[in-house]
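**Student:** Taken in order, these protein sequences are the chains called A and B. Position 114, counted from 1, in the first sequence is what the working numbering calls 115; the numbers after and before it change by one each time, with no gaps. Position 285, counted from 1, in the second sequence is what the working numbering calls 291; the numbers after and before it change by one each time, with no gaps.
There could be a bad hint or two in this list.
Unchecked claim - Between beta-carbon pairs, the in silico distance windows are:
| hint | chain 1 | residue 1 | chain 2 | residue 2 | range |
| --- | --- | --- | --- | --- | --- |
| 1 | A | I171 | B | E134 | 28 to 36 Å |
| 2 | B | K22 | A | M102 | 45 to 53 Å |
| 3 | B | G137 | A | P170 | 28 to 36 Å |
| 4 | B | K22 | A | R254 | 50 to 58 Å |
| 5 | A | V9 | B | Q186 | 55 to 63 Å |
| 6 | A | S172 | B | A178 | 26 to 34 Å |
| 7 | B | E134 | A | G96 | 49 to 57 Å |
Claimed, not checked - Beyond 12 Å from chain B on every Cβ pair, some chain A residues (computed):
| hint | residue |
| --- | --- |
| 8 | A20 |
| 9 | G56 |
| 10 | L57 |
| 11 | M102 |
| 12 | I129 |
| 13 | I218 |
| 14 | Q226 |
Note that these hints are calculated values from the structure, not bench results. Predicted model only: the values in this text are computed from it and were never measured. Quick reminder that beta carbons are idealized off the backbone N, C-alpha and C, glycines included.
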Amino acid sequence: MRGGWFKVYALAYLVFLYAPIVLLPMFAFNDATVIAFPLNGFTTKWFSEMWVAPGLWPALKNSLIIAVSSAVIATALGIFAARASTRYKFPGKAGIMGLIMLPLVLPEIIVAVSLLVVLLGIGMPLSIFTVILGHVLMTTPFTIAILTSAFQSLDRSLEEAAYDLGETPISAFRLVILPLVMPGIISSLLISFTISLDEFIIAFFLGGTQVTLPVYIFSQFRFPQSVPVIMALGTILVALSILLLSIAEYFRRRGIAKSGGKDTGGFL
Amino acid sequence: MIPKPAVSDQTMIEFKDVHKWYGDYHALRGITATIRAGEFFSLLGPSGCGKTTLLRTIAGFEGISEGVVLIDGKDVADVPANKRPTNMVFQSYAIFPHLTVAQNVGFGLRKQRLAKADLDARVAEALEMVGLKGYGARAAHALSGGQRQRVALARALILKPKVLLLDEPLSALDKKMREQMQVELIKLQRQVGITFILVTHDQEEALVMSDRIAVMFEGEIAQLSDAETLYRRPNSRRVADFIGTMNFLPAEVISETAGSIEVEAQGFGRIHVDPKQAASEAPGKSASIGFRPETLTILHEGQQATDREVGATIEEVVYYGDMTYYDVKIDGTEKPVRLSMRNVFGRPVLDIGMRTRIAWSPGALVLFR
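Turn these sequences into a full structure, and let the hints guide you.
**Tutor:** Next up, the structure:
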């Protein structure tokens, strides 16, 4: 059988990747406090318990505020950086771009500790705001990577054509550049939102008394009786992530079809 | 048929000693030229000669380092691209892919805030002018190359600019489409009467389309004249080499008076050349005599030369259907020259190795020295 071993390998790979995620809903609907086989029968009580769990809703609210804010700020910064790096030549460009991309490879714990030292040093109180700052730092490299490829595929003369037809640089950007890079902007927003939403280390270090969803989940694992509730929460988060990524992919494909480009994979 | 309108004497664009530096690179080296209103003007040259840079200084996409550019008598140094009375057809056409054909064509009218009916009428009129009637609702990215080209033209012409700039607009089309568009562009230019400035590296395209042509090399205009003068009387060896085919034979200047230059030319003997037929030779080379393939005639048997004749041997024959190219060695010369003959019905194509006679006249010869 040709490629037989590759098929086995691919199957093992998929099981390794997705089995934990499949277990999540299994135990979320299992009528037992202990996470172990055999399953004990179907129940939805963990979901209703989750609904009234103390501390969950404030954590979710914090997470959403942080994720939306850092996605918007990081994407806005990414637009400027991507535009500058694709359109202009300036001294030290490679070095500056390298520095901006550095958080991508720095250990997150180092970044979190350094930020904490700096914030405490300047006497800024820890809050949602400081978590947003940290998340913007972490997600901006991703937005730049996504948006640079969006800006790079633009024909420079499109912008010149808009000037030539009487538009100012600002209106040309709004009427021509923005619509054409919009799929990139949407993917950048969704990716940075997702990264921020499940980020733990920075949220844990810089959040102070403000708890985000990942920090809440981590804290709940101390109590064995809340583990099934976390499973229920995890199930909902997985479902939402799949939905979000599908929407992002839909927009990306529609954007490509609209501008007549060729689909070359994309980030998602 | 639209008769060719007389090009006015009015100046539309004037370059006065224009220089452009990119860092250390001297892209434009003192361009001085005028382009007349209503003219079909071409900037012709090899890639990197500065022709596109010069066009972009008119559009306002490139600033200049020194000198003055006047459009319709007005110094445009401080006028940005979006305020200039020029519109451009880009090499890549730059059709906005997210808009329909009609939205593309009407893009420049946005600023005028026309009523919907007026806008639609203007767009329909512009589309009809370029032969795309009824294409308005189509998505721009679904068009073929030739159709994109037409949309780009309509989009630029709908604003009724004083000058239309065309940056190698036909280079992306196949040969047949290109030839068709050349004719259409000429007709369109006569119809609208707008000054057209075309950038091209294709000498044939420039000869076919232009009222006048500026041949550029290395940031300088080498010759600026109408097509026929450029072809018949190139002012330098370099221009002669760039435009069409020209044969060169070694020559020596014997004496020179105001009205005539006496030359000893290999193969042709001692001749007198009109100083108007004299051009500059490439640096480091001695003088030579040049002539186009079709200016000398291979005589068939019994035919009398109208002026003078020399003997020659046929060395190579290339048959093209309507034409035949012959490489012939004229008696007394060392290397063969290329001649072209129209294939007249009933006259046989000559063979390699045949002896023949060639008719020539001094008027066909250009002296390079």
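**Student:** All hints are to be evaluated individually against the structure, with a verdict given for each.
**Tutor:** Here is what the structure says about each hint:
no.	hint	result
1	I171/A x E134/B: 28 to 36 Å	33 Å, holds
2	K22/B x M102/A: 45 to 53 Å	48 Å, holds
3	G137/B x P170/A: 28 to 36 Å	33 Å, holds
4	K22/B x R254/A: 50 to 58 Å	53 Å, holds
5	V9/A x Q186/B: 55 to 63 Å	60 Å, holds
6	S172/A x A178/B: 26 to 34 Å	28 Å, holds
7	E134/B x G96/A: 49 to 57 Å	55 Å, holds
8	A20	43 Å, holds
9	G56	46 Å, holds
10	L57	43 Å, holds
11	M102	28 Å, holds
12	I129	37 Å, holds
13	I218	42 Å, holds
14	Q226	55 Å, holds
Going down the numbered hints, you'll see the structure goes against none, and every one checks out.
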